[in-house]
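Could you put the whole structure together from the sequences, leaning on the hints where they help?
So the chains spell out like this:
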Amino acid sequence: MGWFSKQDKVLERETLEKTLKRSNDFKKVSYINEPTNKQFSFWFISTLIDENILQENVLPYLLEKPFEKIEDVKKIIALADVQISNNPSEIEQKLFNGYALLTLESDSHHFVFLAAHKELVRSISPPEVEFSVIGPKEAFVESINQNVNLIRKRLPVKELIVQELIVGSLSKTKVSILYLEGIVDPANVKTVMERLKNIKFDAITDSSYIVQLISDNKNSPFPQLLDTERPDRVTAILAEGKIAIFVDGSPHALITPTTLVEFFSSFEDYFLNWMLSSFFRLIRLFAVAFSILVTPIYVAALSYHYELIPTDLMNTLVTSRRDIPLPPILEALFLELTIELLREAGARLPTKVGQTIGIVGGIVIGTASVEAGLTSNVLLIIVALAALASFTTPVYKMGNAIRLLRFPFLFFAELWGLLGIVLCFCFLMTHLLRLTSLNRPFLEPLYPPRITDLKDSLIRLPFSKQSLRPQTLRTKKPVRYPFNNKSDIDE
Amino acid sequence: MEPLIPEKAKISPFLVFFLVHTMQFGIGILGFQRLIALTAGYDAWISVIIAGLSIHVILWMMYRILDTVNGDIMSANSYVFGKKVGRLITLPYVLYFLCVALTTLRTFIEVVQVWMFQDMSTFWYAFAFCVLAIYIIFGGFRIVTGIAFFGVVLPSYLIFTFFFTFPYADLRNLLPVFDHSIKDLVKAAYQMSLTYLGYEVLLFFYPFIKDPQKSKKWAHFGVFFTTILYTAITIITFSYFSEGQLQKNIWATLTIWKVVEMPFVERFEYIGIANWNIVILPNLCIALWCGSRILKRAVHLKQKYGVLLLTTIVLITINFFKTREQINTLISYTGKISFFLNYVYIPLLFILVLIVKKVKK
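Protein sequence lines correspond, in order, to chains A and B. Numbered per this note's numbering, the first sequence spans residues 1 to 491. Numbered per this note's numbering, the second sequence spans residues 492 to 852.
Everything labelled a hint here was simulated from the structure, so no lab data went into it. No incorrect hints appear here.
Below, computed lysine-lysine pairings styled on PhoX-like, alpha-carbon distance capped at 25 Å:
(1) A:LYS477 to B:LYS499
(2) B:LYS678 to B:LYS827
(3) A:LYS476 to B:LYS499
(4) B:LYS701 to A:LYS477
(5) A:LYS172 to A:LYS200
(6) A:LYS476 to B:LYS501
(7) B:LYS852 to B:LYS575
(8) A:LYS94 to A:LYS118
(9) B:LYS795 to B:LYS501
(10) A:LYS9 to A:LYS28
(11) A:LYS65 to A:LYS28
(12) A:LYS174 to A:LYS200
(13) B:LYS499 to A:LYS218
(14) B:LYS701 to A:LYS476
(15) B:LYS501 to B:LYS707
(16) A:LYS69 to A:LYS28
(17) B:LYS575 to B:LYS787
(18) B:LYS501 to A:LYS190
(19) A:LYS153 to A:LYS477
(20) B:LYS705 to B:LYS501
(21) A:LYS172 to A:LYS27
(22) B:LYS499 to A:LYS190
(23) A:LYS190 to A:LYS200
(24) A:LYS218 to B:LYS795
(25) A:LYS69 to A:LYS27
(26) B:LYS575 to B:LYS851
(27) B:LYS848 to B:LYS574
Next up, the structure:
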């Protein structure tokens, strides 16, 4: 039996070699050891490995120093990661992960894997999507090792656990989850691991794929995992007791579980005084409400509820709409679509052309359509402001979801006026109530109402009030740092 | 043989406050003042308080019943009358909740048709509302409670709009106090109890409360809060309108909103009515939830199908109520059933449960 299986293994290796040889970047080179005259050969994928490593740390020793058996190789070459194996089914995986294979002609059953990865790394650049004026200027890059390094540097404790797994039947993407043991709720880690393991997908090219594959509700426009490119933000949420997911090849880490209000907090909020950051957060929430509701309210008021508007304001509106041939809803849709077109064109075009489009669209189309009598200038102001407001959302994906929401609201406003807007709002509220992130309610701390968690939600209280971790995370250590003893006057 | 309710479907005790309060506070508030003033004149605010206080007694009885059987009303009925009869006796509640759902929806649509859109289609608006209700109830009881929570919190800013009446209010309208007989006061309190209805939903969601003992104070607080709000609105209305004026206003609260004036809003009642959507929504959802819950408990119909069945019935029957008289008849019948269930059946059941408990010991 033993003989047969050995024979099979040699066969397996030979068929593999045949397939590999069809790729031109596969190399098989043979050499002869000078002292013992033994022949040995390397197999490697030249595009994946750093040939310098072979030339400097491996080849000179193998050519000059004597060795007899395959075990001797380990002793003579200057390389840390050297693995001896007799299992040919490992070869494919190792070769494509940047290992070189070393075989001796005298021993056809054993072979050695030599680590010689070529890391093509982009240098760390400042964050572009989540830019902040103050604070660290490092952003994640595409290499998972470098990203984890950025976190490890910031959290140099043994409790920081990194768990790796491979996802994707073709892409074999490396996915790591990071958490702080002793703080995180183990049930959360288990859920994340299970969901990642259950992913059935062939090529995972970015963390956005993972978001869509492991979300609780896949039919929702709202992202249920927060993605960030800031290592400082990831560090902060790990300390809070959340879990970060890194995907190789993606410069965005994922944070889970999240809540809705987190999507409206920019990380810069934590660099500013609590009063300023609370003010900015409220401004942002106002901007969201404004950008969703203002055009529908315009349509509702001008289609149905003229009485709602005071006489003085009505005069202005009527004057601006006097020559407009379109009903308010068409006027609004026309302008909203124009803005969306401009945004989409700006996003798809190279930066320089994009700027031109912005100017052409913003000034020329806007002014021209008012002068041509297609839209009223009041609505032009409203729509432009609403578009501006929608860009204040710090998380890009959430901003997109909010921009989409305007259209159902417009539809309901046209249908039933203000009643329709409120009805649509109720639909939205129900949807948000039903959403969960990692089985935790998405609207927390608004519902279920948790007063202690409000300290870092719509507003951000000072750090002295932030000594407790969020209740919703059910962390093992609910206290982050000791409370300040409240002392009385003159004590 | 109580069906186990999973822990994750249960709600925190303090949310009972919102469930009880939101169910009591619905469409009635828009126009209850005229009716009670018709009976007890401007002493009617005393009736509002009396009726409010009487609820605390009923609520106390309900909790005693539910504590004893440690389940919902169906368990209580089975406890007293045996399983089969118990089921049979609980079934009429389905009809009652159908009436509640129908009344809430139809009255609200009537308000909209009178004040905002005269030619709005009853059916299509009811349809959109029911789809929303189904979407909510399919999320489970926690979501229904969430809607109740937001149904109280979000429109709460409307309380401030009543401050606009203060410059025109005259509290001397209430004087002289006690110029009506006790009989009139009690009669007005009876009428008022119809406006207060809704707290009986406690009988159905009791098993869904995480720590029922702790919820008692919140339920009482919910009723107390409703009483205060109603009393305050009654007094504001009475001091704003003269008695003769009030009789001409079916929806007195909406008329009050007419005085609200802001630089960018002229007719505030439009915003008020639109916001009332959010107030009405939990009423409809909780009623449909309770109805379908009984169907599940009594005839083992899956709650999903129960909800769909009930909303279909509501959507079909709502078309039959077209005139003011028909709607009024519907409201008064629903009120009478509710009065019977709360003030006759519950005390009766309370005594029976106590007797059976003694006998079983």
